[in-house]
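2 protein chains.
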Amino acid sequence: MSGKEIRRSMPLFPIGTVMQLTELTARQIRYYEEHQLISPARTEGNRRLFSLNDIDRLLEIKDLIDQGVNMAGIKQLFLVKQQHANEQEQQMKKEKRELTDEQLRKLLRNELLHSGRLNRSSLRQGDLSRFFH
Amino acid sequence: MSGKEIRRSMPLFPIGTVMQLTELTARQIRYYEEHQLISPARTEGNRRLFSLNDIDRLLEIKDLIDQGVNMAGIKQLFLVKQQHANEQEQQMKKEKRELTDEQLRKLLRNELLHSGRLNRSSLRQGDLSRFFH
DNA sequence: AAGTCATGTTAGGTTTTCTGACATGAACTT
DNA sequence: AAGTTCATGTCAGAAAACCTAACATGACTT
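Chains as they are written, first to last, in this note's numbering: chain W, -11 to 121; chain Y, -11 to 121.
Take the hints with a grain of salt, since some may be wrong.
Same chains, same names: a pair is fine if it fits in one copy or spans any two.
[As the list claims (entries may be wrong)] In silico SDA-like pairs for lysine to any residue, Cα to Cα no more than 20 Å straight-line:
| hint | residue 1 | residue 2 |
| --- | --- | --- |
| 1 | Lys(-8) | Gln8 |
| 2 | Lys(-8) | Asp44 |
| 3 | Lys69 | Met80 |
| 4 | Lys50 | Gly61 |
| 5 | Lys63 | Gln16 |
These aren't lab readings, by the way, just hints derived from the structure by calculation.
Could you build the full structure based on these sequences and the hints that come with them?
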C-alpha cells in the first residue's frame, strides 16, 4: 500500500506501447493473459491498459519463455514467488510488533527514504527501472 | 545525455492516457502543441506519443494557465528556463575543467548516485514523480 | 460592438485494438 | 509415421481511439 506500489500498479499503457517496450507481439501478450499470467485493466471501451507491474511481469515471462519454461511452469513460479512475498510480509509485520517505538520510527523512516528493497525478488526478472529512474 | 534523460524523453503515452494523467482535454493538449509549447513524437500512423517530460510540461502549462498566463507568456517562461538551464550546464562544464582528476572522480560518482538535482528548476512546476518513484 | 483567446463541438477519415477462428511448425506421444 | 499439444502467426469484421479541419462560444480587451 505504499505510494510506490500504487504508482507501479496504475494502468497507463495501451498494448501498442507495451509491445514496443517488451518486444512481444500483441498475440503473445493476449495469450499470456488468456493463461492468466497477467491481468491488465481495461478501459471503458474494453481496451487493455497495462501498469508498470504488468510490464515487469511480461518481461519476466519473456525471460522464462526464452529459457524454455511453459505457461504452466511460469504460473507455478509466480505462485511460489507470491507466497514467498506474502511470508516475508508477515515476517515484517511480526518483527514490527516486537519493536519499541523508537526502533519503529527509525524503521519507518528508512522505508520512506529508500523504500522497497524487499519486493524485487531474487529471480532474474524483468526490469523496467531502465525506463524510469 | 544521462540514461535518466533518455528515459524521461522516451515517447510512451497516447493522448488518452495523457488526458487522464493531466486532466486536460484532447483539445487543450493539441492546442498547446499548435502553439509549440510541446512537441510530442508521432507514431508511424501519426498518433501523438508523449514522454514523461511532455507530461511534466503539460502539468506546468496547466499550472500557469490556472494562474492566468497566456500562451505567449508560457512560451517566454519556457524560453527563459531553457536558457537558465543551458547557462548552468556551461557553468558545470567550466567547473569540471578546473578540477583535479581525483575531484572529478568524486563528482562523477555523486552524479551517478543520486543523479539530477539540478535540472528540476525552481519554478513551481508539474511533477510526475507522484506517478513514478 | 468588434476582436482575440482558449476551449467546446461536430464531422469524416484513419489507425489501433478487440475477439474469434483457422493455420503452422516444433516438440512430444503413441 | 501419424496424431497431439503448444506457442504463435494471420485474417476478418467490429468497435474504440485518434486525427485534422472547421465552426461555435463565452470571457476578456480594446
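To see whether the hints hold, each was checked on the structure:
1. Lys(-8) / Gln8: Answer is between; shortest inter-copy Cα gap is 19 Å, intra-copy 24 Å.
2. Lys(-8) / Asp44: Intra 14 Å, inter 18 Å, cutoff 20 Å: intra and inter.
3. Lys69 / Met80: Result: close within a single copy only, 16 Å intra versus 46 Å inter.
4. Lys50 / Gly61: within (13 Å within a copy, 48 Å between copies)
5. Lys63 / Gln16: within (15 Å within a copy, 44 Å between copies)
Checked against the numbered hints above, the structure breaks none of them.
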